[in-house]
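In order, the protein sequences belong to chains A and S.
Mapping of the first sequence onto my numbering: position 284 corresponds to residue 284, and the numbering continues sequentially without gaps.
To convert a position in the second sequence, counted from 1, into my numbering, add 307.
If you are wondering where the hints come from, they were derived from the structure by calculation, not from laboratory data.
Treat each hint with caution, since some may be false.
[Unchecked claim] Here are the computed lysine-lysine pairs in the DSSO-like style, where the Cα-Cα straight-line distance is at most 30 Å:
#, chain 1, residue 1, chain 2, residue 2
1, A, K247, A, K197
2, A, K247, A, K233
3, A, K121, A, K213
4, S, K314, A, K121
5, S, K423, A, K113
6, A, K2, A, K113
7, A, K69, A, K213
8, A, K224, A, K276
9, S, K347, A, K121
10, A, K113, S, K314
11, S, K347, S, K413
12, A, K69, A, K155
13, A, K121, S, K520
14, A, K34, A, K213
15, S, K391, S, K362
No experiment lies behind these values; they were computed from the predicted model shown.
Okay, here's what each chain looks like letter by letter:
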Amino acid sequence: MKTESRLEKVLAAGHIAVTSEVGPPRGCGVEIVKEKANMIKDYVDGINITDNQTAMVRMSSIAGGVIIKQMGLDPIIQMVSRDRNRLAMQADIIGAYALGINTMLCLSGDHPKFGDHPMAKPVYDIDSVNMLKMVKDMRDESKFQGGADIKNPPKMFIGAAANPFADPFELRVARLAKKVAAGVDFIQTQCIFNMDKFEKWMEGVCDRGLHEKVHILAGITPMKSLGMARYMKNKVPGMDVPDEVIKRLEGVSKEQQPEEGIKMAIEQMERLKEVKGVAGFHIMAIEWEERVHELVEGAGLYPRPEV
Amino acid sequence: MITAEQKPLQEIIQYIAPYDKILLVGCNECVTVCAAGGRKEVGLLASALHLNSLKQGKTIDIRELTLERQCDPEYVEELAAEIKDVQAIVSMACGCGVQTVAARYKVPVFPAVNTKFMGASESQGIWAERCQGCGDCMLGITGGICPVARCSKSLLNGPCGGTSNGQCEISPDVDCAWRLIWERLVELGIQDRYEELNAAKDWRPAGGGGPRKIIREDLA
Ligand code: SF4
Ligand code: SF4
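Same shape as in the complex, but just chain A (with noise of 0.2 Å):
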């Protein structure tokens, strides 16, 4: 074990994994937080809490982790290159796992384009894979980026994203392969709708042996309604909504629409325990934490494994 991250001993032990998110509110609302964590709390290993999402600015990740942890759970924070350079992210890394908070997961975020900053200036001053090694190094090394000596190293349990759908395909693999290569221990997916897609995905990642280097939660999220699905396909950068998905919403009345994507995210779940390398799910209900429960407990996950 490299670390005392909860999600870690579920991993180690070969039980199929589950995370969530919360995002934390645009405001100072602790109870918000509790509240969003509460209804999930039972049903997850561990629970993401997003780092400025969309690049609309939030309460701070680790402020949502803390007050998460205080709960008895287990946070996983969220931390974004746009925001921050080297030495603001090495200082809020140990002062996070100070704080308690022992699993986290690099990103390089959306561009500041995307939120109600749109003039901020974006830092990216190392990306996800060099952040990610960034941590790795604190962790093994006890090394900060610059050279330097670590004394009381936070010991995180390191994660990344992955998005088998954006472009090019054929790079997906290899972009895994220089995660892995940079130390990372699990990777959560972007959102699967295209399943083929997925699976073709995941045999590469086999076919390298990825699999067994790093786990991977599949990004599992349920479609609220058609109009969600289609905003989803048009408008949200590096994510695949096939046709399928959409003509099954169709399909259903608007008020069986909800239920329908509770069943399809069910369905797509049970499949994905077959995919070989499949180590686990990441469940973003996007602002539907109280059906969480549904999706752990359609597909046969719950309760979860005591560690």
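Here the structure of chain A is known, so what remains is to put chain S with the ligands in place on it, guided by the hints.
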């Protein structure tokens, strides 16, 4: 080259409002090529300023001049003969030219262009950013396509998850630099290179270490 665009006329008019003897100075280099501050633009701007002052019911004296190069003291020296009773200089060169002139003469110098970026001409009338002068060129390992200047996030190890149909997440009008790099590596049959880790960049040569300078002892 360095690209530039003329400032809004109104801004230039405000700068020179207190003066009636102006020296308008263009530059024959980059700003000429990108049609922002060469001889022709000096003439056009002078007429526009004249016209405006006539409308205000006054006349201003605008002398026009275009230097071979405005970022070079040797050429800027040529202004000495013209400067006598001039109250203000309007420079149509890039920021380097404006500063070289300002450093030499005790007269207020106002910029008439916004200096943009280092770009190449894509086609007639279109210039695109190609280099951020990072001081440690990576083009040798990225197939001749710059990830620092052309990836919206300056990623060094491959594309983010936001690429859509090969375009950058910020806009369908922007090529994803990493898609271009990958295609180029494949075209050259060296796609294995992609998997070599590019270490976190040292940004000191890129300006992170303070203002940059090149000293060539053999020429100095
Ligand atoms: S790598 Fe640096 S020097 Fe080379 S083109 Fe890009 S910004 Fe310019
Ligand atoms: S889409 Fe491509 S160019 Fe745009 S930020 Fe991502 S990697 Fe860079």
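Going through the hints against the structure:
Between A/K247 and A/K197 the CA atoms are separated by roughly 18 Å; this keeps the pair inside 30 Å, and the hint holds. Annotation: proposed proximity of A/K247 to A/K233 holds, straight-line Cα distance about 12 Å (limit 30 Å). Proposed proximity of A/K121 and A/K213 is contradicted: the alpha carbons are some 36 Å apart, above 30 Å. Of the supplied pair hints, the one linking S/K314 and A/K121 holds, its CA atoms being roughly 22 Å apart against a limit of 30 Å.
In summary, the hint linking S/K423 to A/K113 is supported, as the alpha carbons are separated by about 19 Å, within the 30 Å threshold. With a CA separation close to 37 Å, the supplied pair A/K2 and A/K113 exceeds the 30 Å bound. For the hint pairing A/K69 with A/K213, the CA-to-CA distance comes to about 28 Å; that is within 30 Å, so the pair holds. Distance check on the hinted pair: A/K224 and A/K276 sit about 28 Å apart at the alpha-carbon level, within 30 Å; holds.
Between the alpha carbons of S/K347 and A/K121 the distance comes to roughly 35 Å, so the proposed pair goes past 30 Å and is violated. Between A/K113 and S/K314 the CA atoms are separated by roughly 24 Å; this keeps the pair inside 30 Å, and the hint holds. Restraint check for S/K347 and S/K413: the C-alpha separation of about 27 Å stays at or below 30 Å, so the hint holds. The hinted pair formed by A/K69 and A/K155 meets the criterion: a straight-line CA distance of about 16 Å does not exceed 30 Å.
With a CA separation close to 25 Å, the supplied pair A/K121 and S/K520 stays within the 30 Å bound. Pair hint A/K34 plus A/K213 does not hold up; C-alpha atoms about 34 Å apart against a cutoff of 30 Å. With a C-alpha separation of about 27 Å, the suggested pairing of S/K391 with S/K362 holds against the 30 Å cut-off.
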